[in-house]
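Read off the chains here:
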Amino acid sequence: MNSIVKACKSDLAPTVLELDVNNHAGVMSHVVGLFSRRAYNVEGILCMPVGDGSRSRIWLLVKEDERLEQMVRQVEKLEDVLGVQRHGAAHEVFERLEEFFQ
Amino acid sequence: MNHDRSGAPEAAGETLSGAEIVVRLLERQGIRRVAGIPGGAILPFYDALSQSTRIEHILARHEQGGGFMAQGMARVTGEAAVCIATSGPGAANLLTAVADAKLDSIPLVAITGQVASSLIGTDAFQEVDTYGLSIPITKHNFLVGSARELLEVIPKAFSLAVSGRPGPVLVDIPKDVQNERIVVESWPAPGGRLAAPAPEPEPIAQAAALINAARRPVLYLGGGVIHSGASAEALRLAETAQLPTVMTLMALGAMPVDHPLSLGMLGMHAARCTNLVLEECDLLIAVGARFDDRATGKVAEFCPGAKIIHVDIDHSELDKIKTAHVGIRGDVAAVLERLLPQVEAAERADWHARVAELKAAYPLQMPGLDDPRSPYGLIRAVAEAVGDSATVATDVGQHQMWVAQAYPLRRPRQWLTSGGLGTMGFGLPTAIGAALAEPERTVVCFSGDGSILMNIQELATAAEEGVNVKVVLMNNATLGLVFQQQTLFYGKRIFSSKFKGVPDFVKVAEGFGWQTCDLDHADDPGAALRQALATPGPMLIHVGIDRHEQVLPMVAPGGANKNMIGD
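Listed in order, the protein sequences are those of chains A and B. Take the first sequence: its position 99, counted from the start at 1, is 99 in full-length UniProt numbering, and no numbers get skipped. Take the second sequence: its position 154, counted from the start at 1, is 154 in full-length UniProt numbering, and no numbers get skipped.
Derived lysine to any residue pairs resembling SDA-like cross-links, with alpha carbons at most 25 angstroms apart: (1) Lys320(B) with Ala13(A); (2) Lys102(B) with Leu68(A); (3) Lys322(B) with Glu66(A); (4) Lys322(B) with Arg86(A); (5) Lys307(B) with Ala356(B); (6) Lys77(A) with Asp292(B); (7) Lys77(A) with Asp293(B); (8) Lys156(B) with Gly53(A); (9) Lys320(B) with Asp65(A); (10) Lys63(A) with Lys320(B); (11) Lys320(B) with Glu64(A); (12) Lys77(A) with Thr323(B); (13) Lys156(B) with Leu82(A); (14) Lys322(B) with Gln70(A); (15) Lys102(B) with His24(A); (16) Lys322(B) with Ala13(A); (17) Lys102(B) with Val81(A); (18) Lys63(A) with Ile135(B); (19) Lys77(A) with Cys47(A); (20) Lys322(B) with Val84(A); (21) Lys77(A) with Asp319(B); (22) Lys156(B) with Val84(A); (23) Lys320(B) with Arg86(A); (24) Lys77(A) with Pro155(B); (25) Lys307(B) with Arg67(A); (26) Lys320(B) with Val42(A); (27) Lys77(A) with Glu79(B); (28) Lys298(B) with Gln70(A); (29) Lys102(B) with Arg67(A); (30) Lys298(B) with Ala39(A); (31) Lys156(B) with Gly33(A).
Facing chain B, a subset of chain A residues (Cβ under 10 angstroms, in silico): (32) Gly26; (33) Ser29; (34) His30; (35) Gly33; (36) Arg37; (37) Glu69; (38) Arg73; (39) Leu78.
Bear in mind the hints are in silico, worked out from the structure with no lab data behind them. Please read these numbers as outputs of a predicted model, since none were measured by experiment. From the three backbone atoms N, C-alpha and C, an ideal C-beta is built for every residue, glycine too.
All chains should be modelled from the sequences, with the hints used to inform the complete structure.
What follows is the structure, encoded as structure tokens:
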């Protein structure tokens, strides 16, 4: 487990969510709003456009508490979210960023 | 073939403004009535709307009133209804009605004007971040970037509002987009209801096995049964499997309250027997219900001995509050259709004997039933006078709970109440919308002196439209439920719940052009009430209520349903 993931608050296991989304100005707000209004902290977030730029991929690093399943189902309901995948903390996407957070 | 307003075939390649496109799309959508208030940033749309011969505009006196009028139309028809507001304060005023629609899953399309694109983010006059504000209270929302986008966004907004779990959709349209002129070569199909995926067969089979094996099952119906149009299927399930049935506030009317299997509403203001039957059940079949805290009481002690079957179209409702032994994701009507053939006819004589015992020992106490100037007596007298064809709206408070307990609701979409958000001010504008959508029905709106003041300006709209709305105003000069809670749970420290100054509501209504009837001064209140209810057009019926009257029984907020205060 790298230092970024280890720096997450609390003892709960970290988990990585991968969201394929439409790429427009409101999408990020829709996604993070679901978490913030449930007082569910998003520890890490990474987003870049994919393909022709009409879509983006959002990577979220969150703690796996008992609400995670409910959160995933809420995310799946968002009209601009095209798909959600869950990965373990071992996923390398945040690990590669380590040098930017020294 | 599509026709334009004059009835002539549509010319290909018309040049139209964004505003004209929205109006045309609403016409094509089948919308014949919208409610709203104009203002600077929505004026291009209003200018285009003025040219429509198909769409009538109801001029509300406050945007929240317009939002609830649209809700009234949507709640009685099940189809998406439209409300309109300008930018800034107009949109902000609309938000409560939109949030209310979200919590009760009502299909609404809210169209708001926005400042011109070039001004967005500059704190322009009447600019507010409508998109940002509406994210958490809509099913989905749009900030439209061009007139061309409207051709996709408007039909999609309607489709989203009515498909799956219904809900409000907001479309924010900058003024320059309304004014932008483009050539429209062809029109998109109107947005309709998309079929939900067929439910999985395995959990349905498991549910049938649980029902067939259960000894003390209870059917728990929620608002999803109404939205899905599944009342007949729910009734058949209850009758086939002989299931005692409880309803949430939102489901009242799904099963006629005087059906032998009906136990009425569950939860905070249920009859004691209803909550006690749930206490003893070994299987709870939740259909289109979401285990709201006003229904379940303390969740850990709700149906302690029961396995749970949960049917819902919204995946995120399954396991949200209570983990289901069998969760079925799907449209309620579709699930029940597949479940019914697998459910065995049952008698359950022992269970019904026990239910009858509890009903006899702990019935709902309704004192004053024969006095039309007492809460329960008034409600029953109104019901007897207007019959089953009338629509019943309420505001929020004691009167709402008394009506929920005592009104003999017998058909789906008869009952319009703000369940999830509990919005005072809901009743009058919602009743106006319902009366406009179904002018053949009498619409009765029970209200309180606290609630009516929160949207009293809509008395003007009602008078202007001449709607057949009867407001039954139960006036105790008090915020009654607050007074009741302070009395019961805050050491009788009554604070800010008694009004020192109370308007003369009869004069107020007369000033707005309403007919009035004051039962407090009637020699024969029963006859006066019947006459007032039979008089066409808007009518305010005023009744003074003692502020010490309480809604009983009651579960203390946060308490378990088995522990009720009062008989």
